[in-house]
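Number of protein chains: 2
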Amino acid sequence: MTDGIRVIPVPGLPEVRPGDDLAGMVADACATAIGLEEGDVVVVTQKVVSKAEGRLVEVDPATGHKPLVESESVRILRRRGDLVIAETRHGLVCANAGVDLSNVEEGWAALLPEDPDRSARRLRDALVHRFGVDVAVVVSDTFGRPWRRGVTDVAIGVAGLRPVVDLRGTEDALGRELQVTEVAVADEVAAAAELVMGKSSGIAVAVVRELEPDWLGSGSVSEDLVRRPDEDLFR
Amino acid sequence: MTDGIRVIPVPGLPEVRPGDDLAGMVADACATAIGLEEGDVVVVTQKVVSKAEGRLVEVDPATGHKPLVESESVRILRRRGDLVIAETRHGLVCANAGVDLSNVEEGWAALLPEDPDRSARRLRDALVHRFGVDVAVVVSDTFGRPWRRGVTDVAIGVAGLRPVVDLRGTEDALGRELQVTEVAVADEVAAAAELVMGKSSGIAVAVVRELEPDWLGSGSVSEDLVRRPDEDLFR
Chain A
0 MTDGIRVIPV
10 PGLPEVRPGD
20 DLAGMVADAC
30 ATAIGLEEGD
40 VVVVTQKVVS
50 KAEGRLVEVD
60 PATGHKPLVE
70 SESVRILRRR
80 GDLVIAETRH
90 GLVCANAGVD
100 LSNVEEGWAA
110 LLPEDPDRSA
120 RRLRDALVHR
130 FGVDVAVVVS
140 DTFGRPWRRG
150 VTDVAIGVAG
160 LRPVVDLRGT
170 EDALGRELQV
180 TEVAVADEVA
190 AAAELVMGKS
200 SGIAVAVVRE
210 LEPDWLGSGS
220 VSEDLVRRPD
230 EDLFR
Chain B
0 MTDGIRVIPV
10 PGLPEVRPGD
20 DLAGMVADAC
30 ATAIGLEEGD
40 VVVVTQKVVS
50 KAEGRLVEVD
60 PATGHKPLVE
70 SESVRILRRR
80 GDLVIAETRH
90 GLVCANAGVD
100 LSNVEEGWAA
110 LLPEDPDRSA
120 RRLRDALVHR
130 FGVDVAVVVS
140 DTFGRPWRRG
150 VTDVAIGVAG
160 LRPVVDLRGT
170 EDALGRELQV
180 TEVAVADEVA
190 AAAELVMGKS
200 SGIAVAVVRE
210 LEPDWLGSGS
220 VSEDLVRRPD
230 EDLFR
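Quick note, the sequences are listed as chains A and B, same order.
Everything in the first sequence is counted per numbering that gives the first Met the number 0, starting at 0 for the first residue and increasing by one.
Everything in the second sequence is counted per numbering that gives the first Met the number 0, starting at 0 for the first residue and increasing by one.
Don't read these hints as lab results, they were simulated from the structure.
Warning: the hint list may mix true and false statements.
In this list, chains with the same sequence are indistinguishable; a pair is considered to hold if it fits within one copy or across any two.
As the list claims (entries may be wrong) - Computed list of lysine to aspartate or glutamate pairs in DMTMM-like fashion (alpha-carbon distance at most 25 angstroms, straight line):
hint	residue 1	residue 2
1	Lys-65	Asp-114
2	Lys-65	Asp-19
3	Lys-65	Glu-181
4	Lys-65	Glu-104
All figures in this text were calculated on a predicted structure; none of them were measured in a lab.
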């Protein structure tokens, strides 16, 4: 029996600029705030990853951000007014294909990282090297959902954590075989982290501590969490 | 600055049967495990709520559970093979309209509670009375999502917690007005709780402690989290 998990905000990350050593900055902030322990999952928001990786583009005042949304999309699922729900080349489905005007300077937009799983792996490698313990990294972003109001954070990149834990075939509490219980652990970790980040307080890093150790391992969002179009009933 | 939140599993809930005093059983389990503190959010899975409320029905072996799915649905969104994605009369969209054969006895199915917000309110009233502190309750269930593999837990009923926290208009860290940041806090709480419940270990209750106190308040899933069909691009 576990005593539960802790979800801890990590303050102190400076404003991130293109080319910054984000891993070093995250490591410094973690070291100051709480250190890192074996099995910690470090959740980092997409926005600071995109900034460090230089994924900022100027918005043409004449056209606005719409051409950026088009170029970031491989498939448009829905349009209503200014809102576009689009699939990105990563297979992620979200508003405006992830083109984001909030928390960036006026006249600029942040795009999603080119390969958020790679971003997560690089951050993880640097953190493991720095702290000498095995940790996982989740790159999170804030997505809307059909049918339900409000946004939640989900994982767009992961390293060192199994994004989906397959409990199919595990017996349930009454000894019957469960039918479908593939739990999207990485998304639940991202959601939990969002609860301590807050949208306006500038917290871009959180640590989820004491997560079930069996869930640490390999995997990626692109391979494990993105539903293939042929499996999907809503594309 | 918060020191973060804790997500604590509550073991010791006995097998729940129709007519049981679920609030008393949850209260006993909480008292034994960790007590309850002002501002705690107690997350209880739909399955034990449905059982206590007698929402168990025999499955006709000749027809299987399909007629139950039809009668629990107000709208069928998609069908593929045995899988039906349906909208319930609560406005929830999920597989098989919430008709669930796992963790119930062979030959039986559990239906969703008639009014999960009311279930949450009743549980909350009893817990507040018993412990003399103000707590919130979330009734959680496990739903799949379009576009992403794996299931996550979401809130289907809530009491004492604002299901969606509207941060629209709050300034972001750069002083610009945020455009859309209605965070589905109740869903993120349910997701966090699922991380300590585990599918096969029979944990049906968890406590989320030290959540932002501003988020406690009134609201319901049916009013605040269910997206109205006219706002929805995917119905």
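The hints, checked one at a time:
When the C-alpha separation of Lys-65 and Asp-114 is checked against a cutoff of 25 angstroms, the pair qualifies only within one copy, where the shortest distance is 22 angstroms, while the shortest distance between copies is 42 angstroms. Taking the shortest Cα distances, Lys-65 and Asp-19 never come within 25 angstroms of each other, neither inside one copy (28 angstroms) nor across copies (56 angstroms). When the C-alpha separation of Lys-65 and Glu-181 is checked against a cutoff of 25 angstroms, the pair qualifies only between copies, where the shortest distance is 22 angstroms, while the shortest distance within a copy is 36 angstroms. In this assembly of identical chains, the alpha carbons of Lys-65 and Glu-104 lie at most 25 angstroms apart only when taken from the same copy (17 angstroms versus 53 angstroms across copies).
Of the hints listed earlier, the one the structure fails to meet is number 2.
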